[in-house]
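2 protein chains.
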Amino acid sequence: MSTHILGIDLGGTKVMAAVMDGEGNLTGRARAKTRGWRDDEEVFRTIMQIGHQAIEDAGVEIDHLAAVGICAPGPIDFETGYIIETANLKFKNFPLGPRTADEFGRPTIIENDVNAGVYGEFKSGAARGARNVLGVFIGTGIGGGLIINGALYRGSSTGAGEVGHIIVRAGGPRCGCGNRGCLEAVASRTAITREIRKAIKHGRRSSVAKLLKKETDLLSGKDLKAAYDSGDELVKKIVNRAAKSAGIGIGSLLNVLGPEIVVLGGGVVEAFGDEFIARLERSARDIAFDINSKDAKFVRAELGDDAGVIGAATLAREALTQSL
Amino acid sequence: MSTHILGIDLGGTKVMAAVMDGEGNLTGRARAKTRGWRDDEEVFRTIMQIGHQAIEDAGVEIDHLAAVGICAPGPIDFETGYIIETANLKFKNFPLGPRTADEFGRPTIIENDVNAGVYGEFKSGAARGARNVLGVFIGTGIGGGLIINGALYRGSSTGAGEVGHIIVRAGGPRCGCGNRGCLEAVASRTAITREIRKAIKHGRRSSVAKLLKKETDLLSGKDLKAAYDSGDELVKKIVNRAAKSAGIGIGSLLNVLGPEIVVLGGGVVEAFGDEFIARLERSARDIAFDINSKDAKFVRAELGDDAGVIGAATLAREALTQSL
Numbered sequence: 059m060s061t062h063i064l065g066i067d068l069g070g071t072k073v074m075a076a077v078m079d080g081e082g083n084l085t086g087r088a089r090a091k092t093r094g095w096r097d098d099e100e101v102f103r104t105i106m107q108i109g110h111q112a113i114e115d116a117g118v119e120i121d122h123l124a125a126v127g128i129c130a131p132g133p134i135d136f137e138t139g140y141i142i143e144t145a146n147l148k149f150k151n152f153p154l155g156p157r158t159a160d161e162f163g164r165p166t167i168i169e170n171d172v173n174a175g176v177y178g179e180f181k182s183g184a185a186r187g188a189r190n191v192l193g194v195f196i197g198t199g200i201g202g203g204l205i206i207n208g209a210l211y212r213g214s215s216t217g218a219g220e221v222g223h224i225i226v227r228a229g230g231p232r233c234g235c236g237n238r239g240c241l242e243a244v245a246s247r248t249a250i251t252r253e254i255r256k257a258i259k260h261g262r263r264s265s266v267a268k269l270l271k272k273e274t275d276l277l278s279g280k281d282l283k284a285a286y287d288s289g290d291e292l293v294k295k296i297v298n299r300a301a302k303s304a305g306i307g308i309g310s311l312l313n314v315l316g317p318e319i320v321v322l323g324g325g326v327v328e329a330f331g332d333e334f335i336a337r338l339e340r341s342a343r344d345i346a347f348d349i350n351s352k353d354a355k356f357v358r359a360e361l362g363d364d365a366g367v368i369g370a371a372t373l374a375r376e377a378l379t380q381s382l
Numbered sequence: 059m060s061t062h063i064l065g066i067d068l069g070g071t072k073v074m075a076a077v078m079d080g081e082g083n084l085t086g087r088a089r090a091k092t093r094g095w096r097d098d099e100e101v102f103r104t105i106m107q108i109g110h111q112a113i114e115d116a117g118v119e120i121d122h123l124a125a126v127g128i129c130a131p132g133p134i135d136f137e138t139g140y141i142i143e144t145a146n147l148k149f150k151n152f153p154l155g156p157r158t159a160d161e162f163g164r165p166t167i168i169e170n171d172v173n174a175g176v177y178g179e180f181k182s183g184a185a186r187g188a189r190n191v192l193g194v195f196i197g198t199g200i201g202g203g204l205i206i207n208g209a210l211y212r213g214s215s216t217g218a219g220e221v222g223h224i225i226v227r228a229g230g231p232r233c234g235c236g237n238r239g240c241l242e243a244v245a246s247r248t249a250i251t252r253e254i255r256k257a258i259k260h261g262r263r264s265s266v267a268k269l270l271k272k273e274t275d276l277l278s279g280k281d282l283k284a285a286y287d288s289g290d291e292l293v294k295k296i297v298n299r300a301a302k303s304a305g306i307g308i309g310s311l312l313n314v315l316g317p318e319i320v321v322l323g324g325g326v327v328e329a330f331g332d333e334f335i336a337r338l339e340r341s342a343r344d345i346a347f348d349i350n351s352k353d354a355k356f357v358r359a360e361l362g363d364d365a366g367v368i369g370a371a372t373l374a375r376e377a378l379t380q381s382l
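If you read the protein sequences in the order shown, they are chains A and B.
Here the numbering used here is used: the first sequence runs in plain steps of one and ends on residue 382.
Here the numbering used here is used: the second sequence runs in plain steps of one and ends on residue 382.
Worth flagging that the hints you see were computed from the coordinates, not collected in a lab.
It is possible that part of the hints are untrue.
What the hints assert, rightly or not - Under the rule of at most 30 Å between Cα atoms (straight-line distance), these lysine-lysine pairs were calculated in the DSBU-like manner:
(1) Lys256(A) x Lys268(A)
(2) Lys295(A) x Lys280(A)
(3) Lys271(B) x Lys256(B)
(4) Lys352(A) x Lys150(B)
(5) Lys302(B) x Lys259(B)
(6) Lys256(B) x Lys283(B)
(7) Lys256(B) x Lys295(B)
(8) Lys352(B) x Lys150(A)
(9) Lys91(A) x Lys283(A)
(10) Lys150(B) x Lys355(A)
(11) Lys150(A) x Lys355(B)
(12) Lys256(B) x Lys272(B)
(13) Lys271(A) x Lys295(A)
(14) Lys148(A) x Lys150(B)
(15) Lys352(A) x Lys148(B)
(16) Lys302(A) x Lys302(B)
(17) Lys352(B) x Lys72(B)
(18) Lys268(A) x Lys302(A)
(19) Lys72(B) x Lys150(B)
(20) Lys352(A) x Lys271(A)
Since the structure is predicted, the reported quantities are computational estimates derived from the model, not experimental observations.
Given the sequences, and given the hints that come with them, work out the whole structure.
Structure, rendered in structure tokens:
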């Protein structure tokens, strides 16, 4: 019996696929830009092509795959395998699970991308062996996932783990979701860019001013890190404040969830690394009760871009075992 | 074999005990004031006397008790059964679990009071049959408890479920815990009293002014409800705002936990009832994503003051079954 699994991670900007062998190693890979503004059928074709390329790269036959795991942004109907909707793609009630199963002719599971990423870190990355894990990914937005009692937790709603959309500053800045003062609205890369743009408009100087000509310009992690390292006072102040705000939300979640490990990833964390985490951690521990802080570890995600494909492939493998 | 369990609920103002028979009925009861300002040994004697009185009231013999369940405020060391500390009592690293076991000579479990109350509502009250439950008790403070996948969830820290201490208004009013802007600092009876006192100091009129002569005076649920019903505009505005703020925190928790049921209890909810819940619920559903709101039910706690003793007794019964 084959033990190879195809994992696919559909993101807003790129699609990645990899084949995982029976030992959990990635033996073949492929990736492409998502081009999410194109219609759903075209994006679907891209995803499938990337899947086939990864299989080819791994040197295995489709018939030898044991299963496929695919993850995607946005809420998923776990009964039908449909993507309900996604922020940056045209998928709306799109049967991504069933059609991927049809394409490869193998048992297929579908999972939310952040859940898959946290599950990857839990099974093969920074949170290996933990029982209760809070995963927080700080990038363009803020996503999260929960491992509770050693299993991925989706809640009765199947939509649990949306840690970017807890309110930490009621009446504060407007979030992409429509609310005011969400964690995502005060600590994501989008929030950092907004605050820098606002300060520049009010006459503050910054080396990144030239990168913010259009209202839609978003500073990359790399841009922010370069400005930070060059001593740009405005960027330093706003990035440090974002780390502190992220800690306020995460400290709140320590009090609710009492996790063993907090795994931190995403573009902002990757760009700023340990200093950002240290600042966030201090702020979180300030908020959390001693009992909920003292044994909680803060760690950096280890799998980077691979977390989603590894998590999706692992979930597919486990679903297969459970259904035998 | 006896199937009677003694449940004891040690609160900041009163101690309650009841005997639960094999069918889950409470067959004997007793209660007294805690007098928490007295030394720990004296308070401990009171608790034990109330336990004995409940047993007598039930007409059973101590030797016929199968087990004892006791719950108390504050963090508990579940390995030793010690209360680590409590806000309104002098217990500090007090061996409440072991000494209760010694007193009655029966297997004894100890649990946090809010966890026990939520567990009571889950097993015998408003959340019967649910799989994932968020319990929030709004009174002097705000406490909470979580049922996850059909079991009480304490987290790796054993201190999870502290929903009163998530930050909803960073930089906002100071909380009893030292942080600023906790849910408890914007939506508890203490927060409501503080806001009313502040407005009166600024010259606003209110029928409750006469009840707030001393800095330590705290308006009771009854006082607040009477003023609200008599058309006191200040009290109405501040109570309604507290309901909305409570909803902001609970909406955030819907996004994190995706519960099936939100059980609401505590003095403020009991005093203001369905109108308060309706206002809180609207605010929470405004915050939560559709997927996390649409199937979540908001219900009022059913067991009132009995939730703690019922929950503690039920946990004791289950611990007994598991250890057989």
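Evaluation of the provided hints:
The hinted pair formed by Lys256(A) and Lys268(A) meets the criterion: a straight-line CA distance of about 14 Å does not exceed 30 Å. Restraint check: the Cα-Cα separation between Lys295(A) and Lys280(A) comes to about 17 Å, which is no more than 30 Å; the hinted pair holds. For the given pair, Lys271(B) sits about 12 Å from Lys256(B) by alpha-carbon distance, which is consistent with the 30 Å threshold. Proposed proximity of Lys352(A) and Lys150(B) is supported: the alpha carbons are some 18 Å apart, at most 30 Å.
A hinted pair counts as satisfied when its Cα atoms are at most 30 Å apart, and Lys302(B) with Lys259(B) qualifies at roughly 24 Å. In summary, the hint linking Lys256(B) to Lys283(B) is supported, as the alpha carbons are separated by about 19 Å, within the 30 Å threshold. In summary, the hint linking Lys256(B) to Lys295(B) is supported, as the alpha carbons are separated by about 13 Å, within the 30 Å threshold. For a cut-off of 30 Å, the pair hint linking Lys352(B) to Lys150(A) stands: about 18 Å separates their Cα positions.
Only pairs whose Cα atoms come within 30 Å are accepted, and Lys91(A) paired with Lys283(A) is accepted, the gap being roughly 24 Å. Distance check on the hinted pair: Lys150(B) and Lys355(A) sit about 27 Å apart at the alpha-carbon level, within 30 Å; holds. Among the hinted pairs, Lys150(A) with Lys355(B) is consistent with the structure: their alpha-carbon atoms are about 27 Å apart, no more than 30 Å. Annotation: proposed proximity of Lys256(B) to Lys272(B) holds, straight-line Cα distance about 13 Å (limit 30 Å).
Distance hint between Lys271(A) and Lys295(A) is fulfilled; the C-alpha atoms sit about 21 Å from each other, no more than 30 Å. Pair hint Lys148(A) plus Lys150(B) does not hold up; C-alpha atoms about 58 Å apart against a cutoff of 30 Å. For the hint pairing Lys352(A) with Lys148(B), the CA-to-CA distance comes to about 23 Å; that is within 30 Å, so the pair holds. Proposed proximity of Lys302(A) and Lys302(B) is supported: the alpha carbons are some 26 Å apart, at most 30 Å.
The hinted pair formed by Lys352(B) and Lys72(B) fails the criterion: a straight-line CA distance of about 38 Å is larger than 30 Å. For the hint linking Lys268(A) to Lys302(A), the alpha-carbon distance of about 27 Å falls within 30 Å, and the restraint holds. Between Lys72(B) and Lys150(B) the alpha-carbon distance is near 18 Å, which keeps this suggested pair within the 30 Å criterion. The straight-line distance between the Cα atoms of Lys352(A) and Lys271(A) is roughly 45 Å, outside the 30 Å bound, and the hint therefore fails.
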